[in-house]
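*Asks:* Letter by letter, the chains look like this.
2 protein chains.
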Amino acid sequence: MVTIEEMGQRARRAFGVLAAAPTEQKNACLEGLARSIEGEQAALLAANKLDVEAAKAAGLSPAMVDRLALSDLRLAGIAADLRGVAALPDPVGEVFEQQTLPNGLRVRKQRVALGVIAMIYESRPNVTIDAAGLGIKTGNAVILRGGSETVRSNAALVDLVHRALAESGLPEDAVQFVDDPDRARVGELLRLNQYVDMVIPRGGAGLHQFCRDTSNIPVMTGGIGICHLYVDETADLRAALPVIRNAKIQRPTVCNALDTLLVDRKIAGAFIPQVVELLAKDGVTFRADPEALSALRGSPSPAALPAGPQDFDTEWLSLVLGLKVVGGLEEALGHIAAHSTAHSDGILTRSDENARRFVAAVDSAAVYVNASTRFTDGAQLGLGAEVAISTQRVHARGPMGLRELTTYKWVIEGDYHVRP
Amino acid sequence: MVTIEEMGQRARRAFGVLAAAPTEQKNACLEGLARSIEGEQAALLAANKLDVEAAKAAGLSPAMVDRLALSDLRLAGIAADLRGVAALPDPVGEVFEQQTLPNGLRVRKQRVALGVIAMIYESRPNVTIDAAGLGIKTGNAVILRGGSETVRSNAALVDLVHRALAESGLPEDAVQFVDDPDRARVGELLRLNQYVDMVIPRGGAGLHQFCRDTSNIPVMTGGIGICHLYVDETADLRAALPVIRNAKIQRPTVCNALDTLLVDRKIAGAFIPQVVELLAKDGVTFRADPEALSALRGSPSPAALPAGPQDFDTEWLSLVLGLKVVGGLEEALGHIAAHSTAHSDGILTRSDENARRFVAAVDSAAVYVNASTRFTDGAQLGLGAEVAISTQRVHARGPMGLRELTTYKWVIEGDYHVRP
Numbered sequence: 065m066v067t068i069e070e071m072g073q074r075a076r077r078a079f080g081v082l083a084a085a086p087t088e089q090k091n092a093c094l095e096g097l098a099r100s101i102e103g104e105q106a107a108l109l110a111a112n113k114l115d116v117e118a119a120k121a122a123g124l125s126p127a128m129v130d131r132l133a134l135s136d137l138r139l140a141g142i143a144a145d146l147r148g149v150a151a152l153p154d155p156v157g158e159v160f161e162q163q164t165l166p167n168g169l170r171v172r173k174q175r176v177a178l179g180v181i182a183m184i185y186e187s188r189p190n191v192t193i194d195a196a197g198l199g200i201k202t203g204n205a206v207i208l209r210g211g212s213e214t215v216r217s218n219a220a221l222v223d224l225v226h227r228a229l230a231e232s233g234l235p236e237d238a239v240q241f242v243d244d245p246d247r248a249r250v251g252e253l254l255r256l257n258q259y260v261d262m263v264i265p266r267g268g269a270g271l272h273q274f275c276r277d278t279s280n281i282p283v284m285t286g287g288i289g290i291c292h293l294y295v296d297e298t299a300d301l302r303a304a305l306p307v308i309r310n311a312k313i314q315r316p317t318v319c320n321a322l323d324t325l326l327v328d329r330k331i332a333g334a335f336i337p338q339v340v341e342l343l344a345k346d347g348v349t350f351r352a353d354p355e356a357l358s359a360l361r362g363s364p365s366p367a368a369l370p371a372g373p374q375d376f377d378t379e380w381l382s383l384v385l386g387l388k389v390v391g392g393l394e395e396a397l398g399h400i401a402a403h404s405t406a407h408s409d410g411i412l413t414r415s416d417e418n419a420r421r422f423v424a425a426v427d428s429a430a431v432y433v434n435a436s437t438r439f440t441d442g443a444q445l446g447l448g449a450e451v452a453i454s455t456q457r458v459h460a461r462g463p464m465g466l467r468e469l470t471t472y473k474w475v476i477e478g479d480y481h482v483r484p
Numbered sequence: 065m066v067t068i069e070e071m072g073q074r075a076r077r078a079f080g081v082l083a084a085a086p087t088e089q090k091n092a093c094l095e096g097l098a099r100s101i102e103g104e105q106a107a108l109l110a111a112n113k114l115d116v117e118a119a120k121a122a123g124l125s126p127a128m129v130d131r132l133a134l135s136d137l138r139l140a141g142i143a144a145d146l147r148g149v150a151a152l153p154d155p156v157g158e159v160f161e162q163q164t165l166p167n168g169l170r171v172r173k174q175r176v177a178l179g180v181i182a183m184i185y186e187s188r189p190n191v192t193i194d195a196a197g198l199g200i201k202t203g204n205a206v207i208l209r210g211g212s213e214t215v216r217s218n219a220a221l222v223d224l225v226h227r228a229l230a231e232s233g234l235p236e237d238a239v240q241f242v243d244d245p246d247r248a249r250v251g252e253l254l255r256l257n258q259y260v261d262m263v264i265p266r267g268g269a270g271l272h273q274f275c276r277d278t279s280n281i282p283v284m285t286g287g288i289g290i291c292h293l294y295v296d297e298t299a300d301l302r303a304a305l306p307v308i309r310n311a312k313i314q315r316p317t318v319c320n321a322l323d324t325l326l327v328d329r330k331i332a333g334a335f336i337p338q339v340v341e342l343l344a345k346d347g348v349t350f351r352a353d354p355e356a357l358s359a360l361r362g363s364p365s366p367a368a369l370p371a372g373p374q375d376f377d378t379e380w381l382s383l384v385l386g387l388k389v390v391g392g393l394e395e396a397l398g399h400i401a402a403h404s405t406a407h408s409d410g411i412l413t414r415s416d417e418n419a420r421r422f423v424a425a426v427d428s429a430a431v432y433v434n435a436s437t438r439f440t441d442g443a444q445l446g447l448g449a450e451v452a453i454s455t456q457r458v459h460a461r462g463p464m465g466l467r468e469l470t471t472y473k474w475v476i477e478g479d480y481h482v483r484p
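Residue numbers (the working numbering), protein chains in the order written: chain A, 65 to 484; chain B, 65 to 484.
Since the hints were derived computationally from the structure, they do not count as laboratory data. This list has only true hints and no planted wrong ones.
Calculated lysine to aspartate or glutamate pairs in the EDC-like style (CA-CA distance at most 20 Å, straight line):
no., chain 1, residue 1, chain 2, residue 2
1, A, K173, B, E450
2, A, K120, A, D130
3, B, K173, A, E161
4, B, K173, A, E450
5, B, K173, A, D416
6, A, K113, A, D243
7, A, K173, B, D441
8, A, K173, B, D416
9, A, K120, A, E186
10, A, K113, A, D130
11, B, K173, A, D441
12, A, K173, B, E161
Given these sequences and hints, build the entire structure.
*Replies:* Dropping the structure here:
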């Protein structure tokens with residue numbers, strides 16, 4: 065059995081080859097992988113069926129079982145995503161900050177692959193191909209550790225990845241998979257700073273926290289979004305309603321969905337009943353502070369409950385919305401500073417001054433003026449592919465695309481220059 | 065006594081204020097600090113004298129004692145450096161990658177302060193002021209841990225920092241100093257990922273390795289440079305000699321000084337004797353591989369000794385140079401891949417093709433064509449101030465300036481946009 069340390073050494077060697085591979089070769093590998101996922105559909109579904117049956121036998125919830133299940137449609141989606149990544153521009157080799165210094169030295173920065181990336185994720189087997197594809201495209205070797213519930217699906221998928229690498233002349237060790245179910249292996253991987261440059265967890269808040277606390281490698285944490293919208297007294301209330309609705313209900317289970325709505329006191333009496341009436345139709349329930357509740361006195365709703373002590377520090381991930389009345393912009397800013405996880409927060413306003421103050425004061429990965437928080441997403445913001453949404457502050461913040469999986473080198477060309 | 069955890073909490077709070085402080089206020093603080101260093105020279109030198117005497121009594125080497133000693137001249141230099149930092153453009157607030165998406169959303173990235181930075185360093189007390197100044201300028205709260213040999217000097221300097229912060233209306237907790245000599249405090253600081261965003265060690269290789277292995281926070285390691293120059297058969301040998309000499313002897317004790325010279329076999333017989341003759345006059349001694357030694361057969365030099373097994377994996381930090389003959393560019397690239405610490409490596413050549421191949425293949429923080437490795441330096445490359453030279457790959461690589469102490473937020477402005 066290959067040890068985690070040996071996997072690190074192999075990844076490092078494979079990185080040396082992959083990092084220098086031409087764009088065409090990397091894209092050919094992705095295309096070959098997409099084709100073989102289509103060609104081997106029956107075998108992949110058979111392997112996945114064993115995982116699904118084991119998960120059912122182990123009593124996993126239907127929602128969990130659904131997350132790990134593959135289907136014709138899902139496999140076609142995975143193949144299409146790979147072709148999408150192949151079609152994106154290769155960030156490796158990009159030149160930026162080019163300049164000639166007064167002494168004549170020609171200096172530029174040139175993007176290069178980052179190195180070895182460990183991706184640690186939970187049940188969904190599509191992440192295996194997604195992570196492998198992003199790694200290959202950006203010239204990075206990856207070490208994958210998926211959930212134990214999908215070990216058979218992942219083994220079948222990783223076989224196809226290795227075949228695609230080999231057929232395109234790239235080293236198979238560029239994508240390695242930790243198939244030992246012992247959780248101690250995750251801890252070893254997270255401490256492998258001699259060989260691994262970055263850790264990207266993909267999963268729930270617990271996984272992110274575990275990686276951050278355990279690893280001696282930079283970890284791109286994210287995943288928790290307690291997101292706010294503040295409606296100030298000048299907002300176009302008719303236009304605000306669909307934005308709030310979109311932020312809350314379009315996909316309530318994800319990190320950029322709205323968790324708390326803050327409403328200026330001057331408009332609370334008129335606006336809060338409209339919000340509750342509209343969103344209650346979609347099945348939203350509310351956790352309202354006393355003042356928001358009293359704004360509903362004229363039009364009480366069974367959907368509006370009093371907020372408990374933890375409710376403004378909760379990421380709902382469901383059709384629940386916190387509601388709070390504030391005495392103006394500064395109080396809204398104070399609430400956001402105290403309760404936001406610095407993922408996505410916005411203001412709805414017609415005041416340029418309030419918008420400017422909000423943007424300057426709110427230090428979140430994404431700060432919005434007059435838009436739904438649901439736009440915090442690589443595809444929505446033009447990145448093509450999304451690697452993760454970072455809510456830590458080092459290296460990359462917010463949606464991470466291909467470029468965020470690179471670093472750079474300085475290239476300095478002279479005419480036999482010496483330092484004075 | 066304030067615990068390390070409390071320091072983290074205080075730093076986080078102070079960061080909230082400092083990050084939003086206008087450029088003028090931060091610069092006024094730096095100017096005030098520079099003035100008070102000049103005004104309190106006598107008191108600072110008195111405190112430093114106690115450190116110097118204790119160091120001598122403890123038997124520290126004269127070189128070590130010199131490193132921790134302050135003088136009129138050094139204090140004037142520290143004050144001048146602060147004014148230099150004040151004069152640099154403030155990276156906070158810079159807007160980049162501004163675009164309007166097809167749906168009309170206006171998207172930009174805006175630089176913001178990074179957060180809380182822990183700086184861990186060894187004896188030199190000037191680093192205390194340097195680190196405080198860089199932190200204040202970039203809006204970051206810093207927690208400093210200096211060497212125990214300079215505890216009195218640092219206490220006196222930190223008092224002045226706190227006074228300057230208070231006088232300019234900034235929170236004193238923006239710069240905190242760990243004065244507890246217990247080394248356990250360093251370990252606690254390195255594990256404080258709840259409050260600290262980045263660790264920057266400044267010191268020797270051992271300190272960097274310790275931080276990297278201990279910390280659960282991203283660590284900007286650097287500090288070790290095993291640097292190479294490769295002279296190919298086409299190089300202008302007359303012009304190459306002063307470049308090699310500059311890289312080796314201009315300041316041999318620093319990380320960007322040359323450690324190993326690789327010479328193409330076709331020119332070794334003519335060139336190696338010239339190199340040895342020239343550099344031996346400066347007191348350089350050589351560790352030569354058998355072929356380099358045999359190139360000296362016609363002109364033997366007492367300065368050239370046979371290379372030992374570790375000599376091509378040694379950062380000399382002194383007037384010693386490794387010498388090795390290689391059979392061409394590919395062998396040079398192989399040697400560099402095996403022995404470089406990926407700090408600064410270069411080629412001397414007249415061949416555009418060789419230069420291109422070298423730049424593409426060598427994945428070091430700084431890759432040179434026809435220039436001395438000594439240019440890997442923030443000031444030399446136009447950064448104004450140098451925070452550190454990173455040889456890790458995340459966040460920043462090579463010389464780090466003020467901008468590398470920032471992160472960014474996404475600002476997204478719409479017209480009540482919803483995600484379809």
